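Chains A and B supply the protein sequences, listed in that same order. Heads up: the first sequence begins at 33 in our numbering, then just goes up one per residue. Heads up: the second sequence begins at 336 in our numbering, then just goes up one per residue.
Keep in mind that the hints were calculated from the coordinates and are not lab data. One or more of the hints may lead you astray.
As the list claims (entries may be wrong) - Sample of chain B residues lacking proximity to chain A, with all beta carbon distances greater than 12 Å (derived): (1) Tyr345; (2) Phe362; (3) Ala366; (4) Gly476.
Stated by the list, open to error - Cut-off 27 Å, straight-line C-alpha distance, at most; resulting in silico cross-link-like pairs (BS3-like, lysine-lysine): (5) Lys136/A / Lys162/A; (6) Lys214/A / Lys139/A; (7) Lys139/A / Lys162/A; (8) Lys509/B / Lys162/A; (9) Lys42/A / Lys59/A; (10) Lys106/A / Lys136/A; (11) Lys42/A / Lys509/B; (12) Lys216/A / Lys106/A; (13) Lys139/A / Lys106/A; (14) Lys59/A / Lys214/A; (15) Lys106/A / Lys509/B; (16) Lys563/B / Lys136/A.
Since we're looking at a predicted model, the values are computed, not measured. Using N, Cα and C, we set each Cβ at its ideal position, and we do this for glycine too.
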Amino acid sequence: MGQLTLTGVKKRFEELEVIHGIDLDIKDGEFIVFVGPSGCGKSTLLRMICGLEEISAGDCLIDGTRVNDLPPVKRGIAMVFQSYALYPHMTVFENIAFPLRVEKMPKAELTDRVTRAASVLQLDSRLHQKPGNLSGGQRQRVAIGRAIVREPSIFLFDEPLSNLDAALRAEMRIELTALHQKLKATMIYVTHDQVEAMTMADRIVVLDAGRISQVGAPLELYHTPDNLFVAGFIGNPRMNFIPATCLATSATGTRVELATGGTLTIPATRANATPGMSLTLGIRPEHLTLAPADTTLTITPTVVERLGVNTVAYADLPPIGTLSALLPGSAPIAPAQPVTLSFKATDCHLFDDQGQAFTRHVDTVTPVPEVAGA
Amino acid sequence: MKKNAMINRYRWWEMVLMYLGIALFLFFILAPFIEGFLVSLKPLGLLFSTPYKFFPENGSFAAYRTMWDSVPGFGRYIFNSFFISTVITIVVLVLVVPASYAFARIPFPGTGALLGAFLAVNMFSGAVLLIPLFRLMRSYGLLNTYWAMIVPGVAFLIPTAIWLLQTYMRRIPKELDEAAYVDGASHVYILRRVILPLAMPGIIVVAITTFIGAYAQQFIFALTFNSKTEFMPLPIGLFAYFGRQEVVWNELMAASFVGIAPAMILIFALQRYLVAGLTAGAVKQ
Ligand SMILES: Nc1ncnc2c1ncn2[C@@H]1O[C@H](COP(=O)(O)OP(=O)(O)O)[C@@H](O)[C@H]1O
Ligand SMILES: [Mg+2]
Numbered sequence: 033m034g035q036l037t038l039t040g041v042k043k044r045f046e047e048l049e050v051i052h053g054i055d056l057d058i059k060d061g062e063f064i065v066f067v068g069p070s071g072c073g074k075s076t077l078l079r080m081i082c083g084l085e086e087i088s089a090g091d092c093l094i095d096g097t098r099v100n101d102l103p104p105v106k107r108g109i110a111m112v113f114q115s116y117a118l119y120p121h122m123t124v125f126e127n128i129a130f131p132l133r134v135e136k137m138p139k140a141e142l143t144d145r146v147t148r149a150a151s152v153l154q155l156d157s158r159l160h161q162k163p164g165n166l167s168g169g170q171r172q173r174v175a176i177g178r179a180i181v182r183e184p185s186i187f188l189f190d191e192p193l194s195n196l197d198a199a200l201r202a203e204m205r206i207e208l209t210a211l212h213q214k215l216k217a218t219m220i221y222v223t224h225d226q227v228e229a230m231t232m233a234d235r236i237v238v239l240d241a242g243r244i245s246q247v248g249a250p251l252e253l254y255h256t257p258d259n260l261f262v263a264g265f266i267g268n269p270r271m272n273f274i275p276a277t278c279l280a281t282s283a284t285g286t287r288v289e290l291a292t293g294g295t296l297t298i299p300a301t302r303a304n305a306t307p308g309m310s311l312t313l314g315i316r317p318e319h320l321t322l323a324p325a326d327t328t329l330t331i332t333p334t335v336v337e338r339l340g341v342n343t344v345a346y347a348d349l350p351p352i353g354t355l356s357a358l359l360p361g362s363a364p365i366a367p368a369q370p371v372t373l374s375f376k377a378t379d380c381h382l383f384d385d386q387g388q389a390f391t392r393h394v395d396t397v398t399p400v401p402e403v404a405g406a
Numbered sequence: 336m337k338k339n340a341m342i343n344r345y346r347w348w349e350m351v352l353m354y355l356g357i358a359l360f361l362f363f364i365l366a367p368f369i370e371g372f373l374v375s376l377k378p379l380g381l382l383f384s385t386p387y388k389f390f391p392e393n394g395s396f397a398a399y400r401t402m403w404d405s406v407p408g409f410g411r412y413i414f415n416s417f418f419i420s421t422v423i424t425i426v427v428l429v430l431v432v433p434a435s436y437a438f439a440r441i442p443f444p445g446t447g448a449l450l451g452a453f454l455a456v457n458m459f460s461g462a463v464l465l466i467p468l469f470r471l472m473r474s475y476g477l478l479n480t481y482w483a484m485i486v487p488g489v490a491f492l493i494p495t496a497i498w499l500l501q502t503y504m505r506r507i508p509k510e511l512d513e514a515a516y517v518d519g520a521s522h523v524y525i526l527r528r529v530i531l532p533l534a535m536p537g538i539i540v541v542a543i544t545t546f547i548g549a550y551a552q553q554f555i556f557a558l559t560f561n562s563k564t565e566f567m568p569l570p571i572g573l574f575a576y577f578g579r580q581e582v583v584w585n586e587l588m589a590a591s592f593v594g595i596a597p598a599m600i601l602i603f604a605l606q607r608y609l610v611a612g613l614t615a616g617a618v619k620q
């Protein structure tokens with residue numbers, strides 16, 4: 033079993049507090065992704081769960097047992113490091129066998145387990161090579177092999193793919209997801225790459241400067257971000273933010289005036305909203321269209337990127353800085369040629385002056401199926 | 336490095352200048368050795384002839400034969416030197432490997448202060464401490480034994496060895512230890528199975544420098560703490576060629592070369608281990 037609970041977990045390095053109280057419940061078999069900008073404390077949090085870093089305050093419970101003072105092995109945890117941390121003087125076989133050698137497993141069972149792990153990871157033919165002779169992807173697989181031989185109930189990954197090239201990363205992403213489905217173990221995966229987070233996670237934990245900003249299924253975070261930070265972090269290119277002023281509120285929507293001109297009623301509400309309050313309207317680049325809709329924005333693109341499947345336009349819009357638009361296919365849009373884009377009120381997000389999101393009254397959230405066995 | 340890389344291309348006169356420079360420095364370093372070797376080939380009478388001739392006319396290796404007869408104990412002196420240096424090297428390694436691991440990996444209060452103290456100790460030469468050391472040895476009854484040369488030898492070589500090895504160990508990625516720890520390994524297990532094999536080039540460097548250091552520093556300790564001929568190391572043994580009337584220069588030089596030969600052979604044999612690169616592939620770059 034691999035159920036994990038964090039309650040009020042804090043981390044201080046000397047005087048400096050870097051993790052400010054994390055409460056989190058992770059179900060057995062879940063694939064959880066910690067995501068956040070560099071330096072927000074993802075690695076530190078993972079190392080505390082692992083047992084490499086002391087927990088300054090709060091508790092870490094695994095299957096209901098407090099494990100704060102237990103070493104990693106006793107916690108039933110294995111970790112895959114960002115730099116693969118392979119032993120260069122040992123063969124692939126010995127690298128994978130290392131945890132079993134430590135626990136002095138009988139030879140026959142050890143060989144059996146290592147061979148099985150190697151075949152899962154397609155390393156059979158490499159067992160007698162040294163890590164120095166392997167490619168990046170193969171090294172990463174050896175590191176994963178070393179984690180799976182011990183059959184832990186919780187796997188921890190610290191940015192395991194960040195040093196691979198883009199093609200290999202996409203490949204390993206799929207392999208890891210398949211591995212998770214096969215092992216059905218709990219996996220906690222740290223990354224700063226939101227594509228990895230969106231594609232692999234059952235639930236994403238967005239961290240911001242040592243605090244949890246939001247926890248939710250990938251599409252939940254995409255459709256209903258709780259705050260400006262999550263709204264800006266999830267989605268690529270990032271959401272456009274336009275300053276707005278609250279004109280009127282009702283039970284079903286909020287009427288706002290945009291800093292770029294025009295008024296519209298957005299089907300989102302928040303209890304503390306009052307007329308006159310300065311708000312932020314969020315609209316994702318992919319929700320800007322050339323076809324007419326509820327309201328319009330006229331921009332002059334400075335850069336247009338054509339990716340074939342879609343076209344990204346960037347423009348300077350004085351009050352808000354850079355605005356980006358993601359249009360399908362090869363959209364008829366060119367640099368230095370003014371163009372009018374439209375968007376629907378139902379696609380808009382609203383945030384109050386503290387950056388907290390308004391509740392959207394739109395049916396966009398497609399429920400994500402629950403994890404099997406949860 | 337590739338030989339034909341642009342950065343390694345020079346004009347002909349640049350090459351000439353470089354080789355001239357190298358030749359000049361090499362000459363200064365090697366001249367005494369060459370001169371010594373030539374002396375060992377000459378008959379004694381020729382050494383004091385005027386005008387002095389650098390190159391022997393009827394040179395022979397006779398001195399390499401006669402040296403064993405004029406000082407019968409010479410073989411024993413070589414053995415003593417070798418034995419003392421070897422024991423010192425082994426003792427230093429046994430002490431320094433775990434100590435360096437601790438300095439490199441286990442944070443404890445006073446790490447910096449201790450390392451600084453080792454450097455400071457290094458600044459005193461053994462000579463300053465000879466009298467207190469002598470009294471110490473006398474009270475422990477170590478005078479006139481092999482230990483009289485081994486114990487101070489070890490003590491004075493440990494600081495440099497720790498500095499060298501702990502610096503080397505710090506360069507081994509810490510994630511390797513962490514990965515081993517996560518897999519349940521203890522400090523001793525990590526040291527034995529992970530750090531030791533990876534630090535081997537560093538350990539060999541330490542072994543060689545310690546051995547050379549032990550070889551070189553024997554003289555002063557042997558002179559002060561030992562008066563028994565059978566325990567004397569090579570540098571003292573060479574004094575035996577200082578006869579009552581004259582110094583047998585050619586045999587002295589021959590003996591010097593024979594004396595350092597075992598050490599030289601050992602160093603050349605170990606040299607290939609000095610090539611690092613064992614850590615390639617440990618972590619992704
Ligand atoms: N051993 C340490 N001593 C002091 N500060 C540390 C230590 N490890 C991490 N930090 C600090 O904690 C913060 C979070 O670091 P980290 O968890 O590595 O971030 P992330 O993995 O999200 O990039 C950073 O500001 C970092 O400087
Ligand atoms: Mg990190």
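Comparing the hints with the structure gives:
1. Tyr345: holds (33 Å)
2. Phe362: Non-interface label on phenylalanine 362/B holds, nearest chain A Cβ at 42 Å vs cutoff 12 Å.
3. Ala366: Answer for alanine 366/B: holds, closest chain A Cβ roughly 43 Å.
4. Gly476: holds (45 Å)
5. Lys136/A / Lys162/A: holds (22 Å)
6. Lys214/A / Lys139/A: holds (26 Å)
7. Lys139/A / Lys162/A: The hint holds at about 21 Å.
8. Lys509/B / Lys162/A: Since the Cα atoms of lysine 509/B and lysine 162/A sit roughly 20 Å apart, the hinted pair holds (cutoff 27 Å).
9. Lys42/A / Lys59/A: Distance of about 21 Å is within 27 Å: holds.
10. Lys106/A / Lys136/A: Within the cut-off at roughly 16 Å; holds.
11. Lys42/A / Lys509/B: holds (24 Å)
12. Lys216/A / Lys106/A: Between lysine 216/A and lysine 106/A the Cα gap is close to 20 Å, so the pair holds against 27 Å.
13. Lys139/A / Lys106/A: holds (22 Å)
14. Lys59/A / Lys214/A: holds (17 Å)
15. Lys106/A / Lys509/B: Roughly 22 Å separates the two Cα atoms, so the pair holds.
16. Lys563/B / Lys136/A: violated (52 Å)
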